[in-house]
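A.B. asks: Protein chains in written order, with our numbering: chain A, 1 to 517; chain V, 1 to 517.
Please note that a few of the clues may not be correct.
Claimed, not checked - Okay, derived cross-link-like pairs now, BS3-like style, lysine-lysine, Cα gap no bigger than 25 Å in a straight line: (1) 118(V) - 118(A); (2) 245(A) - 439(A); (3) 361(A) - 327(A); (4) 271(A) - 361(V); (5) 118(V) - 72(A); (6) 451(V) - 16(V); (7) 102(A) - 118(V); (8) 361(V) - 145(A).
Source of the hints: derived by calculation from the structure; they are not laboratory data.
This is what each chain is made of:
2 protein chains.
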Amino acid sequence: MSNASNANAGAGGKPKTAVTPTRADNYQEWYQQVIAAADLAENSPVRGCMVIKPWGYALWENIQHVLDGMFKATGHSNAYFPLFIPVSFLEKEAAHVEGFAKECAVVTHHRLELKDGKLVPAGELEEPLIVRPTSETIIGASFAKWVKSYRDLPLLINQWANVVRWEMRTRLFLRTAEFLWQEGHTAHATAPEAVDETMKMLGVYADFAENYMAMPVIPGEKTAGERFPGAVQTFSIEAMMQDHKALQAGTSHFLGQNFAKASDIKFLDDKNVLGHAWTTSWGVSTRLVGGLIMTHADDDGMICPPRLAPKHVVIMPIARKPEDRVKVLESANALAAELRAQLYDGTGVRVELDDRDIQGKRWHWVKKGVPLRIEIGLRDIEAGTVSLERRDQDTSAKTAIPRAELVATVGAILTAMQANLLARARAYQTENTRVIDTKEEFYAYFAEPAKKNANDPTPIHGGFALAHFNGDPALETKIKEDLKVTVRCVPLAPGEPGTCPFTGQPSAKRVVWAKSY
Amino acid sequence: MSNASNANAGAGGKPKTAVTPTRADNYQEWYQQVIAAADLAENSPVRGCMVIKPWGYALWENIQHVLDGMFKATGHSNAYFPLFIPVSFLEKEAAHVEGFAKECAVVTHHRLELKDGKLVPAGELEEPLIVRPTSETIIGASFAKWVKSYRDLPLLINQWANVVRWEMRTRLFLRTAEFLWQEGHTAHATAPEAVDETMKMLGVYADFAENYMAMPVIPGEKTAGERFPGAVQTFSIEAMMQDHKALQAGTSHFLGQNFAKASDIKFLDDKNVLGHAWTTSWGVSTRLVGGLIMTHADDDGMICPPRLAPKHVVIMPIARKPEDRVKVLESANALAAELRAQLYDGTGVRVELDDRDIQGKRWHWVKKGVPLRIEIGLRDIEAGTVSLERRDQDTSAKTAIPRAELVATVGAILTAMQANLLARARAYQTENTRVIDTKEEFYAYFAEPAKKNANDPTPIHGGFALAHFNGDPALETKIKEDLKVTVRCVPLAPGEPGTCPFTGQPSAKRVVWAKSY
Chain A
1 MSNASNANAG AGGKPKTAVT PTRADNYQEW YQQVIAAADL AENSPVRGCM
51 VIKPWGYALW ENIQHVLDGM FKATGHSNAY FPLFIPVSFL EKEAAHVEGF
101 AKECAVVTHH RLELKDGKLV PAGELEEPLI VRPTSETIIG ASFAKWVKSY
151 RDLPLLINQW ANVVRWEMRT RLFLRTAEFL WQEGHTAHAT APEAVDETMK
201 MLGVYADFAE NYMAMPVIPG EKTAGERFPG AVQTFSIEAM MQDHKALQAG
251 TSHFLGQNFA KASDIKFLDD KNVLGHAWTT SWGVSTRLVG GLIMTHADDD
301 GMICPPRLAP KHVVIMPIAR KPEDRVKVLE SANALAAELR AQLYDGTGVR
351 VELDDRDIQG KRWHWVKKGV PLRIEIGLRD IEAGTVSLER RDQDTSAKTA
401 IPRAELVATV GAILTAMQAN LLARARAYQT ENTRVIDTKE EFYAYFAEPA
451 KKNANDPTPI HGGFALAHFN GDPALETKIK EDLKVTVRCV PLAPGEPGTC
501 PFTGQPSAKR VVWAKSY
Chain V
1 MSNASNANAG AGGKPKTAVT PTRADNYQEW YQQVIAAADL AENSPVRGCM
51 VIKPWGYALW ENIQHVLDGM FKATGHSNAY FPLFIPVSFL EKEAAHVEGF
101 AKECAVVTHH RLELKDGKLV PAGELEEPLI VRPTSETIIG ASFAKWVKSY
151 RDLPLLINQW ANVVRWEMRT RLFLRTAEFL WQEGHTAHAT APEAVDETMK
201 MLGVYADFAE NYMAMPVIPG EKTAGERFPG AVQTFSIEAM MQDHKALQAG
251 TSHFLGQNFA KASDIKFLDD KNVLGHAWTT SWGVSTRLVG GLIMTHADDD
301 GMICPPRLAP KHVVIMPIAR KPEDRVKVLE SANALAAELR AQLYDGTGVR
351 VELDDRDIQG KRWHWVKKGV PLRIEIGLRD IEAGTVSLER RDQDTSAKTA
401 IPRAELVATV GAILTAMQAN LLARARAYQT ENTRVIDTKE EFYAYFAEPA
451 KKNANDPTPI HGGFALAHFN GDPALETKIK EDLKVTVRCV PLAPGEPGTC
501 PFTGQPSAKR VVWAKSY
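Let's have the full structure, built from the sequences with the hints guiding it.
C.D. replies: Here it is as C-alpha cells:
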C-alpha cells in the first residue's frame with residue numbers, strides 16, 4: 001500500500017505525515033489516530049460503547065444503503081424484534097447460552113428510586129432480561145408463530161439493529177460492547193435450501209466487500225472452534241488488514257435444525273408431515289468501518305473508497321485577496337452544481353463546498369479521506385482549469401485539469417480510483433500471503449521479531465499462510481497457544497489435497513492461517 | 001370518514017366487513033384487529049415490546065426515508081450515541097430524572113452464571129446503567145466535548161435509534177416499552193437561534209404529517225403540565241384519530257440552557273466570552289404508524305397513503321382455466337414492468353404481482369391497504385382493459401379502464417388518492433371540532449354517553465373543543481380529573497383574545513382541548 005508522503009519534511013529528515021504515529025511506528029496507535037483525525041468516532045463515557053460521529057456514521061449509512069438493496073434484491077424483507085431477550089429463551093440452545101451468557105448486559109429492574117439521596121434500582125423483574133447479543137432465540141419465537149405450512153417457507157427476514165456483547169477489551173469499530181449490525185434470519189423447508197441461502201448471503205457479503213469496500217476477501221468455512229455458538233456450519237469472509245492480521249468481516253451460518261428445535265419452528269410439508277424447519281443467520285456490523293480504515297487509510301489519514309464515500313469531491317475556493325472572494329465563490333458554486341448533476345454509481349456526485357476561512361483546510365479533507373480535492377482560484381478561473389488532487393495518490397501530486405474535462409470525467413475518475421484501491425489492496429494481500437509447506441517455515445513466519453525496546457509496539461510481520469492442515473482441533477489449539485495464529489477459514493475455492501506439515505497426515509486442501517482481530 | 005362496505009351482506013343484514021369488530025362497535029379492539037389483518041405488528045413474548053412485521057416495518061422505512069431527507073435538507077447530520085446511560089448522567093437534570101426514573105430498564109450485571117442449574121445475573125456493575133428513554137444527557141456529554149467556540153455552532157445532529165420506557169399499559173405502535181424513533185439534538189450560540197430551530201423542526205413534522213401521511217395536524221405549544229421533563233417550551237403536532245381522541249404525533253423542545261448547564265456545554269463567543277449553549281431536541285417515533293392506522297384505516301382494514309405505501313399497486317392475474325394461465329401471467333408481468341417504469345413521487349411505481357393460487361387474495365390486499373388493486377383476466381386482455389379498484393373507494397367499486405390509460409395515469413391516480421385521503425381526514429377533523437364558549441356545553445360535549453350494557457366499550461363521542469383558557473394549571477388538572485380532557489396545545493395559528501368559560505378571566509386565544517392517547 002502506498003505510503004503517501006506529506007510534501008513538508010518533518011523532524012529528523014523523515015517525511016512529516018498528517019497522522020502520528022505512522023503505521024510502521026505503532027500500528028494500533030495509528031489506527032486510533034486515523035479515527036480521531038478523520039473524526040469518525042470516539043469512546044463514550046459508557047464503558048466499551050462508542051459514539052459514531054457524523055463522518056463515520058455516513059460511511060455506515062452508505063454501507064447500509066447498498067447492503068439493504070442487495071438483501072431486498074435477493075427476496076428479504078426487513079422487520080424489527082425486541083431488544084430484550086428473556087433468560088429462559090437464551091437457555092433453549094445449549095451451545096448458544098454457553099457462547100453468550102458470559103458477556104451480556106442483564107436488565108434486572110424497571111425503575112430507579114431515591115434512597116438516602118441516591119438513585120438505586122427498584123422494581124425487580126420476575127425474570128431478568130438480557131440485551132440481545134444476537135437474536136436467533138427471540139426471532140425464533142416469532143418464526144414459530146408465523147410458520148405453519150411449507151407454503152409459509154422460505155421465510156426471509158432481515159433486521160437492522162444494535163446489539164450488546166460485554167467485551168472486556170474494546171477497540172473502536174472493531175470490537176465494542178454495543179455495535180450496530182444487520183442480522184438476517186431465514187427458515188426453509190429443506191436442508192439444501194438453507195445451505196443455498198447460507199452460501200448465497202456469503203456471496204453477497206464477498207461481492208459487497210470487494211466491489212463496494214474495495215476490500216479483497218477470502219470466503220471460506222470456519223473450523224469447529226471458530227463456529228457460531230449453535231451453528232452446524234459457519235462461513236466467513238476474511239480480509240487482510242495493514243498489520244497483516246485477518247479481519248473476519250462477515251459471517252453466514254447454517255444452523256441446521258438446532259434453533260428450529262429450540263424455538264419449536266415446525267411446519268407441515270407438502271405430504272402433510274410435520275417437521276422442523278431449517279434455519280440460517282448471517283450478519284455484518286459497524287466492524288466493516290474498521291475494515292475500511294485498516295484496508296485503505298495511510299499515514300495521512302482516512303481514504304474513503306468512492307462508492308461508499310460520504311462526499312466524493314470537496315471544492316475549496318482560494319481567494320488570496322478579499323475582493324476576489326465573490327467571483328471565486330460564484331465559480332466554485334457553479335462548479336459544485338455542475339458536478340452534482342453528473343452521475344456516479346447510479347447517483348449524483350456528492351460534493352462539499354468548503355468556503356470556510358480557516359487554516360489547514362486542505363489537510364482537514366486529506367485526513368477525512370474525501371476521494372477528490374479541488375482547489376479553484378482566480379488564476380484557475382481565468383485559465384479555465386481547476387487544481388485536482390486524488391486521495392489515492394501522493395498528497396504532493398496536483399493536476400491542473402480543464403474544468404469542462406473534470407466535469408465530463410468525474411465519474412470515470414472516481415471509477416478509476418475505486419478500481420485502484422481494490423487493486424492495491426489485492427496486491428498487498430498477495431504480497432503478504434505465503435504458501436508454506438514446513439512447520440519450521442510456518443513458525444518462523446509467525447514468530448514475532450524482536451522489539452527495539454520494551455515499550456516498542458509489536459512490529460508488523462507475518463501475514464496469511466496457506467498451509468495444509470489435517471483438521472485436528474487439538475493441533476489448532478496448540479498453534480494458537482504457540483503463535484496466536486488460527487485457521488481463519490477453509491477457502492471455498494478449489495484446492496489440491498496434500499500433507500499436513502505439522503503431522504504428516506493427509507489434508508484435503510490448504511487453509512488460511514493468520515493472526516486476527 | 002367513509003365506511004367502505006363489503007358487497008357481501010353479513011349476518012343480521014349488517015354489511016359484512018373484513019375487520020371485526022367495526023370502529024363503531026369497539027374502536028380499541030378494531031384497532032388491534034386492523035393491525036392483525038394487515039399483518040403490521042404483534043405483541044412479543046417480552047412484556048410491552050412489539051414485533052414489527054415486514055408490512056408495518058416497510059411503512060416505518062418509508063417514513064424514515066422521507067424524514068431523513070428532510071432533516072438532511074435542513075442541515076442535520078446523523079450520528080449514533082450509546083444505548084446505555086449511567087444513572088449519574090440522568091441525575092444531572094432534576095426535572096429530567098423526575099420524568100424518566102419511574103419507568104426505565106436498569107442494567108445491573110454484565111453476565112449470567114449457572115447457579116443450582118439456573119442462570120442468574122452475575123458481575124454486578126459498579127454503577128447501574130439505564131437503557132436510554134431519550135438521549136439528552138448522553139448526547140450532551142459528547143456535545144460538551146465537541147463545542148468549544150461559536151465557530152462550532154450550530155451543531156445539528158440527529159439519531160435514529162430504539163428507546164425504552166417501561167410503560168405499564170402498552171398498545172401496539174401507540175405506546176410500547178421499546179419503540180423506534182429519531183431524536184434530533186442541536187446546540188446554538190443564542191436563544192433566538194435555538195427557538196428558530198425548535199419551530200423549524202415542528203414545521204418539518206407538520207409538513208410531513210400533512211403532505212406524506214395525509215394526516216392533518218394542529219401545531220402548537222404544550223402547557224406546563226405536558227412539557228418534556230427539563231424543557232423550557234414544548235411544541236407538538238396534534239392529530240385527530242377516528243375515536244375523536246388526539247394523538248400527539250411529534251414534539252419539538254426548546255431546552256433553554258437547562259441541559260447545556262447539566263452537561264456543561266460551554267463555548268467562547270465571538271467576543272471571547274465563555275457561556276452556555278442553547279439546545280433543542282425533537283422527535284417522532286413508530287407511534288406515527290399508529291397514527292396512520294387510526295387516521296385512514298376503515299372497517300375493511302388498513303389504507304396506506306400512497307406516498308408511504310410499501311406497494312402502490314397489486315396486480316392479481318385471474319386465470320379461470322389452467323390453459324389461460326401462461327397468457328394471463330405474461331400479460332400481468334408486462335403490465336407490472338410498464339407500471340414500474342412510471343414515476344410517482346420521484347420514484348418508480350412500487351408494484352406487487354400476486355400470482356399465488358389461493359382463496360381470499362383480493363381481500364388480503366384490501367386489508368393490507370394497498371392503494372390500487374388491479375385484476376387482469378383473459379377477457380381484459382382481449383378488450384385491452386384492466387379492472388381497477390381504489391382502496392379509498394367503496395370495495396364494490398370496480399372500474400374497467402383501458403390498460404394504456406392506466407399506465408399513463410397511474411401517477412395521477414395515486415396523487416388524487418393521496419389528496420383525497422388528506423381532504424377526508426381534514427373534513428373529519430373539522431366535523432368533530434367544536435367552538436365552545438360555556439362550561440356547560442364543554443362538559444356536555446365530553447361527558448361519556450351511556451353504555452348499552454356493562455361490557456360495552458366506551459362509544460365514540462366528543463372531539464376537539466376550541467375554547468378559551470386562562471392558563472391556570474390547577475384548572476387544567478380539575479378538568480382532567482372531571483373529564484379526562486387536557487389542553488392538547490395552544491395553536492400557533494393567530495387567534496382572538498376572549499374570556500375563559502371556566503373562570504370568566506381573560507384568555508389570550510382559544511386552545512385545543514381533547515382526550516388523548
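A.B. asks: When the structure is checked against the list of hints, which entries are broken? Sort them ascending.
C.D. replies: When the structure is compared with the hints, numbers 1 and 5 turn out to be violated.
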